[in-house]
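So the protein sequences, as listed, match chains A and B. Reminder that position 84 of the first sequence reads as 84 in this note's numbering, one-by-one numbering, no gaps. Plus 123 on top of the position in the second sequence (first one is 1) and you've got this note's numbering.
No lab work stands behind these hints: they were computed from the structure. By construction, the Cβ of each residue, glycine as well, lies at the ideal position given by its N, Cα and C atoms. Incorrect hints may appear among the rest.
[What the hints assert, rightly or not] To spell it out: a stretch of chain A is covered by chain B in this simulated footprint if at least three of its residues, at any positions, have a beta carbon under 8 Å from a beta carbon of chain B; those stretches are:
| # | segment |
| --- | --- |
| 1 | 60-68 |
| 2 | 81-95 |
[What the hints assert, rightly or not] Taking lysine-lysine pairs in the DSSO-like style, the calculated list, with each CA pair at most 30 Å apart, reads:
| # | chain 1 | residue 1 | chain 2 | residue 2 |
| --- | --- | --- | --- | --- |
| 3 | B | Lys409 | B | Lys279 |
| 4 | B | Lys446 | A | Lys48 |
| 5 | A | Lys47 | B | Lys187 |
| 6 | B | Lys295 | B | Lys446 |
| 7 | A | Lys59 | B | Lys446 |
| 8 | B | Lys279 | B | Lys295 |
| 9 | A | Lys47 | B | Lys409 |
| 10 | A | Lys59 | A | Lys113 |
| 11 | B | Lys279 | A | Lys48 |
| 12 | A | Lys59 | B | Lys409 |
| 13 | A | Lys59 | B | Lys428 |
| 14 | B | Lys515 | B | Lys187 |
| 15 | B | Lys570 | B | Lys515 |
| 16 | A | Lys59 | A | Lys47 |
| 17 | A | Lys113 | A | Lys47 |
| 18 | B | Lys428 | B | Lys295 |
| 19 | A | Lys48 | A | Lys59 |
| 20 | B | Lys428 | A | Lys47 |
| 21 | B | Lys428 | B | Lys446 |
| 22 | B | Lys187 | B | Lys428 |
| 23 | A | Lys48 | A | Lys113 |
| 24 | B | Lys279 | B | Lys446 |
| 25 | B | Lys446 | B | Lys409 |
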Amino acid sequence: MTRYFTQDHEWIDVDGTSGIVGITDYAQSQLGDITYVDLPAAGTAVKKGDAPCVVDSVKAASDVYSPVSGTITAANDALGDAPELVNTDPETGGWLFRIDLSDAAELGGLMDKAAYDAYVAEL
Amino acid sequence: MRYLPLTPDDRSAMLGVIGAGAIDDLFVDVPAEARLPGPVPGLPLRQTEMAVERHFSALARQNKAASDHPFFLGAGAYKHHVPASVDHLIQRGEFLTAYTPYQPEIAQGTLQVLFEFQTQVARLFGCDVANASMYDGSTACWEAIGMAGRVTRRRKAVLSGGLHPHYVSVAKTMARFTGDTLDTATPDLGGTDMARLIGAIDAETSCVVVQYPDVLGRIEDLAPLAAACQAAGALLIAVVTEPVALGACRSPGEMGADIVVGEGQSLGVGLQFGGPYVGLFATRDKYVRQMPGRLCGETVDATGKRGYVLTLSTREQHIRREKATSNICTNSGLCALAFSIHMTLLGERGLRDLAALNHARAVQVADRLAAIPGVGLVNDTFFNEFTVILPKAARAVVHELAARGVLGGVSLGRLYPGVAALENGLVVAVTEVATDEDIAALEAALKEVLA
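Please model the complete structure; the sequences and the hints are all you need to start from.
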């Protein structure tokens, strides 16, 4: 399994053609307390850069962009009752949705952890 | 005296900055034939205030005003007695402002009123939660259709033939731009279109919209329709144009409607030549984040004291921009206040009594009109409004009644121009303001016109 990052502060763990998407610890720290997550329905087809998911915090409602194209296969239903998981455990238990990748070549444009950390350090 | 804050020098300076030679240069994009070349013909350049008042009073006297005549018009706007205390209270300086203040530090009174308004609307409609009001019933109806699209991620709405045609036309206007598909129909005098609605629901249906009581005044159990919607994953939207009816009839929420919207004018708000009115909007808790409009919530402040704030604002336009649930993020504050004060003055007992009185008088009028030779009653059920079929086109009859000083109802020919099957229909509303004399006058005038 390999983890990639986007400039919009999503992460994606990829295993073959299957991915799990969430937002980074940096993103949750900028948003403040998460109050609600509008999760996508399984079966939704998305293109890289689409916003299938919205994270509401006390400060803002923010789109979560899909790092890759594909079909959503599941969402993290635990967030319905406990949206604060995105704050407390953003890069593991606070994952947002699972996606079947339609074009693994899109991963080439994403950052690895070292590159993302360097990117955040510049912000 | 006109108040013109800018001097000619100010204007020249401003025109100079933007590079225009004259004021008229700003209007070059308006076609010449659409511009006013000089003074309006026949309109005096000036009159004294007294002369203007006298002139307009004379014009106004040519109107047949609702309060001056036997009055039986409804079809979406209802004349009820509004206690004088309602108008007195809404004009208090704390309430009567040009803009609804939402800042919790300074607007606890306004926010508390909105919270109580929402509570009243939710209870009346049988729903979990209501918003702080919308512009009017028709826009609330469209907003409900849009919300059903967001909830179900489907784009086809089935509208009952019993839905007020003006509401249908607002929905059609909006759907032109959103791409929603609307399945519409005109009303059938032989019965409601419940079977058509249930038959039309499929896997693409976002919602079914049904009016309760419908535009002809008919009342039907919505539970089977709610079940059919639920089975197909569609939402049931119920539209109430006469909220007083819910003092007598089971609420749409209790029968399983997912969204209940309505026109709140009939409580607290006068007819006012058609507006401003107040849209009502309520739904289930689980859909609250897809609900349009302002929402006021109760909370506690830093010292633990109860307070009121706007809540779930992240749905709204000023935060979510083009992805907001709606581009309406204001409310009809003053009309909502009037609704809430009237409802509070009535209380549950008062609302039930008012509803019973409306129904009793409507029954009396229906019986007397149906006894006139050639007149038939369409409704099996009604609250304070029903439809009769006349032996000739109702639109002309309405004019003949008006000539006799009786405002006798709304003709279906006016609501559905060109629909031959409906042109003899007359929708008659009877509220507590109709006196025995008014009812006798309607009966006598209709007999005379049809003789």
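Quick one: which hint numbers does this structure break? Sort them smallest to largest. The structure conflicts with hints 2, 5, 18, 20, 21, 22, although it agrees with all the remaining ones.
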